[in-house]
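Visitor: What follows is each chain in one-letter form.
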Amino acid sequence: DAGVIQSPRHEVTEMGQEVTLRCKPISGHNSLFWYRQTMMRGLELLIYFNNNVPIDDSGMPEDRFSAKMPNASFSTLKIQPSEPRDSAVYFCASSLVRGAGELFFGEGSRLTVL
Amino acid sequence: GQSLEQPSEVTAVEGAIVQINCTYQTSGFYGLSWYQQHDGGAPTFLSYNALDGLEETGRFSSFLSRSDSYGYLLLQELQMKDSASYFCAPYNQGGKLIFGQGTELSVKP
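Respectively, the protein sequence lines represent chains R and Z.
Just remember that this note's numbering sits 230 ahead of the position in the first sequence, which is counted from 1.
Just remember that this note's numbering sits 95 ahead of the position in the second sequence, which is counted from 1.
Rather than coming from a laboratory, the hints here were simulated on the basis of the structure.
If you're wondering where the values come from, they're calculated on a predicted model, not measured in any experiment.
Glycine residues also receive a C-beta, built at the ideal position from the N, C-alpha and C atoms.
Incorrect hints may have been included.
Claimed, not checked - So the derived list for chain Z, only partly shown, Cβ under 10 Å to chain R, looks like this:
no., residue
1, 107
2, 108
3, 111
4, 115
5, 125
6, 128
7, 130
8, 139
9, 165
10, 167
11, 179
12, 184
13, 190
14, 195
Claimed, not checked - From chain Z, some residues computed to sit far from chain R (all C-beta separations above 12 Å):
no., residue
15, 105
16, 109
17, 112
18, 114
19, 118
20, 120
21, 153
22, 160
23, 163
24, 164
25, 175
26, 203
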């Protein structure tokens with residue numbers, strides 16, 4: 231199994247630009263999570279989906295952030311417009327619903343907004 | 096509301112035993128997971144406790160007391176490669192997993 235695949239691995243952009251992060255979960259997994267990690271705030275849950283349906287987006291910082299899961303094998307996290315404080319590592323993770331707390335994480339997308 | 100507390104840093108020597116404590120508060124609690132993250136890497140799953148008591152997996156053990164909203168991760172026979180951040184993560188109804196700041200473990204020779 232290829233594991234959770236995220237792209238891009240690194241992104242450097244300028245303030246005001248749109249950023250799109252992509253995630254392909256493990257085949258057969260039906261829950262997908264987006265996390266953001268910074269030194270100050272640790273690993274924060276932004277949003278998660280069960281069976282492609284957003285269940286809880288209370289962690290999304292503001293309207294500039296949006297996430298979609300059009301099918302079971304693909305999800306995007308979009309930031310528009312981006313700001314320097316969005317600089318972080320964004321992780322995507324997948325699991326089985328009721329998967330006993332075991333998430334499988336991708337390698338992350340490191341975003342730097344100048 | 097939700098809260099999660101674990102020490103920010105722990106230092107120990109090779110071969111020693113270290114315990115990382117975690118207290119949590121969350122609604123719809125199902126169980127407690129533990130994850131390891133090396134610098135620059137992705138978090139990886141270590142263990143999950145749904146019931147009270149101790150779960151052992153090789154050198155690592157994890158404990159849960161649901162009545163005390165408390166758990167710990169016990170690492171035995173520490174090795175240099177165990178230097179990493181360790182996260183406890185309550186798992187709740189609906190499959191939501193909440194992480195916090197984690198505990199940075201430094202293993203010295």
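Visitor: For each hint, tell me whether it holds in the structure or not.
Guide: Comparing the hints with the structure gives:
1. 107: Since the shortest Cβ distance to chain R is 22 Å, the answer is violated.
2. 108: 26 Å, violated
3. 111: Hint violated; residue 111/Z Cβ to chain R Cβ min 26 Å, cut 10 Å.
4. 115: 15 Å, violated
5. 125: Holds, about 7 Å.
6. 128: 4 Å, holds
7. 130: 8 Å, holds
8. 139: 7 Å, holds
9. 165: 16 Å, violated
10. 167: Interface hint status for residue 167/Z: violated (16 Å vs cutoff 10 Å).
11. 179: 13 Å, violated
12. 184: With a closest approach of 7 Å, the residue 184/Z hint holds.
13. 190: With Cβ-Cβ at 5 Å, under 10 Å, it holds.
14. 195: Holds - the Cβ of residue 195/Z comes within 10 Å of chain R, reaching about 5 Å at its closest.
15. 105: Correct as stated: the minimum Cβ-Cβ distance to chain R is 16 Å, above 12 Å.
16. 109: 27 Å, holds
17. 112: 24 Å, holds
18. 114: Per Cβ check, residue 114/Z is outside 12 Å of chain R; nearest 20 Å; holds.
19. 118: At roughly 16 Å from the nearest Cβ of chain R, residue 118/Z sits farther out than 12 Å, so the non-interface label holds.
20. 120: 16 Å, holds
21. 153: 17 Å, holds
22. 160: At roughly 17 Å from the nearest Cβ of chain R, residue 160/Z sits farther out than 12 Å, so the non-interface label holds.
23. 163: 19 Å, holds
24. 164: 16 Å, holds
25. 175: 23 Å, holds
26. 203: 23 Å, holds
Consistency with the previously given hints fails for numbers 1, 2, 3, 4, 9, 10, 11, ordered from lowest to highest.
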